[in-house]
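Engineer: Each chain, letter by letter, is given below.
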Amino acid sequence: MVTIYQGRSGLSRRELLKRGSAAGALLIISGSAVLSTGEAWGLESTALKPETLATLIQMARDIYPHDQVPDKFYAIAIKSHDEQAGKDAAHKELIEKGIADLDQKSGAGGYTGLGWEDERVAILRQIEETPFFQAIRGGLVVGLYNQKEVWPIFGYEGESYSKGGYIARGFDDIEWL
Amino acid sequence: MPAPYDLNDDSVVVIIGSGAGGGTLGNELAQKGIDVVILEAGPRIEYDEFINDEWDSFGQLAWLDNRTTGGGWRVHKDFPNLPAWIVKAVGGTTTHWAGASLRFQEHEFKTLTNYGKVEGANLLDWPITLADLEPYYAKAEDKMGVTRTNDIEGLPGNNNFKVFKAGADKLGYKECHTGRMAINSADRDGRMGCQQTGFCFQGCKWGAKWSTLYTEIPKGETTGKLEVRPSSHVLKIEHDDSGKVTSVVYADKDGKTQSQKARIVCVAGNSIESPRLLLNSASSKFPDGLANSSGQVGKNYMRHTTGSVYAIFDKPVHFWRGTTMAGIVRDEARHDPSRGFVGGYELETLALGLPFMAAFLDPGGWGRSFTTALDHYDKMAGMWIVGEDMPQEQNAVKLHGELKDKYGMPIPDVWFTDHPNDVAMRNHAYKQGMAMYDAVGATRSFPTPPYPSTHNLGTNRMSEKASDGVVNKWGQTHDIKNLFVSDGSQFTTGGAENPTLTIVALAIRQADYISEQMSAKSI
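Protein sequence lines, in the order shown, are assigned to chains A and B.
Residue numbers for the first sequence follow the working numbering, so the first one is 7 and each next one is one higher.
Residue numbers for the second sequence follow the working numbering, so the first one is 64 and each next one is one higher.
Because the hints were derived from the structure by calculation, they are not lab data.
Take these hints with a grain of salt, some might be off.
What the hints assert, rightly or not - Computed spacing ranges between beta-carbons, pair by pair:
1. Ser38(A) x Gly428(B): 31 to 37 Å
2. Glu134(A) x Asn71(B): 55 to 61 Å
3. Ser432(B) x Ser38(A): 50 to 56 Å
From the three backbone atoms N, C-alpha and C, an ideal C-beta is built for every residue, glycine too.
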């Protein structure tokens with residue numbers, strides 16, 4: 007499971023220097039964890055490099071960008087790759103090599119060093135047919151959109167049986183037509 | 064009380080499958096005092112156990128045994144091992160279906176006559192007419208409690224319907240209403256009325272939508288003449304030297320092979336499993352599979368010409384609230400070749416939850432063109448296209464050359480490619496659907512590709528002549544007198560209508576025929 011804990015204050019100078027340079031990215035690497043200072047959560051890596059997890063989070067957002075969805079949910083969505091990599095060496099290699107390739111294609115600063123989404127998407131377009139990209143994208147369809155905590159952000163109300171359905175809760179309440 | 068029958072009891076009618084065809088036939092025969100054993104591959108899951116969650120429900124109900132696909136359809140690329148979204152449980156796909164219950168139109172029983180020869184299509188007239196089926200349609204509508212029949216009120220329109228209706232009115236469509244739905248609009252037949260919960264596709268937790276699971280099957284069991292054996296996956300049908308079928312071999316809930324003797328066998332496993340079973344039952348006497356002297360078993364696989372149109376508005380719709388498919392435009396269902404294709408299509412309201420919208424809106428799609436659509440999920444409206452597709456001989460359910468299931472039987476390999484008529488119809492429907500939404504102020508609309516098939520039809524088709532198809536006008540195989548097909552695979556052509564009502568009507572009619580033939584000792 008995903009480890010979520012309060013971001014700590016008083017980061018060391020070394021930790022601060024590891025701060026990613028991508029615009030808007032507030033993720034930092036500390037030991038084996040990816041930390042979000044802004045959102046106050048952290049993600050512990052077990053099999054993949056923490057830098058790999060941080061890049062995966064950015065990649066997940068670039069594949070399915072929703073500006074109103076915090077990083078935390080993208081982190082939860084890609085966490086399964088870390089778990090799978092712990093059990094399956096081939097999967098670990100697929101992800102680590104995929105990220106290394108992504109960084110290599112992105113130039114000196116790596117993938118997260120590209121400041122604009124368009125620049126990063128251009129790199130993703132080059133690899134969209136690869137098993138690596140398809141594994142990440144395919145996993146996100148369920149990993150991101152099937153999080154119940156994400157649904158309210160899109161207005162989706164989920165389960166309704168326990169509330170007696172919508173017969174008295176607005177199934178026909180449209181007013182603008 | 065449910066009757067337990069002995070495996071060696073050779074007086075029973077064995078039905079394979081408990082959905083619209085098998086479940087209905089089982090009850091109808093039991094009501095006539097005939098002993099019936101239904102073998103159902105899936106478990107028995109009662110309706111209070113259904114789940115209001117798309118992926119969890121999919122895991123609970125869907126047929127997920129490995130299948131492969133081929134051909135030009137996009138499902139082959141996007142969902143290579145999921146050709147169909149159907150159910151493996153008691154009640155079959157009547158747990159999942161939307162409830163739309165439409166009669167075929169007269170001309171749709173005679174497509175070869177009315178459409179003429181269409182290049183590349185394997186059109187054939189049904190050996191029955193609308194008049195033959197009308198009395199049975201009436202019985203089916205009463206049995207299922209179809210709205211707008213038998214003085215049953217229509218369902219109230221939800222938000223998605225209101226947008227749809229406003230668009231239909233703007234375009235001048237005349238026949239638009241909340242559908243003929245086998246969903247109670249008020250208490251009826253011991254079942255309650257629709258509570259506008261949504262999640263129709265996940266199984267109705269109120270039991271308001273007709274399903275054989277909690278109508279036909281318990282009614283049949285009450286007679287003491289029907290036994291349903293869940294988790295009984297049929298592997299093979301066996302026959303004697305004379306060619307009559309004698310027994311059905313199946314794997315029970317523990318995976319142990321059992322053999323149930325039978326006087327008559329009725330195959331109702333849906334249009335993928337039914338032909339697969341006949342092909343897998345090949346013997347030295349029938350080397351091409353049972354009932355396959357025509358070579359048509361597994362051929363002419365149809366799935367309806369489908370697609371969806373979703374649109375975004377500048378204000379909220381909340382289209383997931385309420386009955387999933389209670390809304391229809393029937394004006395385009397007519398046969399009017401001036402539109403550039405033969406046959407017609409229905410437009411029906413449809414909503415998906417956020418998780419399935421993400422999976423099905425544009426499978427494989429990513430980036431902002433995709434995500435900005437979902438950003439306005441609460442302002443979306445949606446409709447589904449269902450139209451007549453052309454039977455084509457190369458669209459087929461075949462046995463996989465190498466892959467086998469856990470019982471050692473070859474898995475089905477489902478091939479499908481659109482006919483040019485299908486493509487022309489779908490494009491016309493996309494245009495009309497988008498125009499409907501544009502007319503009420505849509506800011507963006509999406510012609511969404513077909514999902515894995517829920518309307519699987521035609522792979523054991525009905526024909527006048529034994530050389531043209533697999534079964535006669537009673538669903539009795541041309542080759543083997545005591546072997547019947549009782550599901551949508553007997554459809555000669557697909558019509559524009561959702562198939563369940565026709566499957567149920569055919570099953571009621573078939574029960575009368577089987578009972579008469581048994582009394583006459585001819586089978």
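Engineer: Tell me, in ascending order, the numbers of any earlier hints that this structure violates.
Structural biologist: 3
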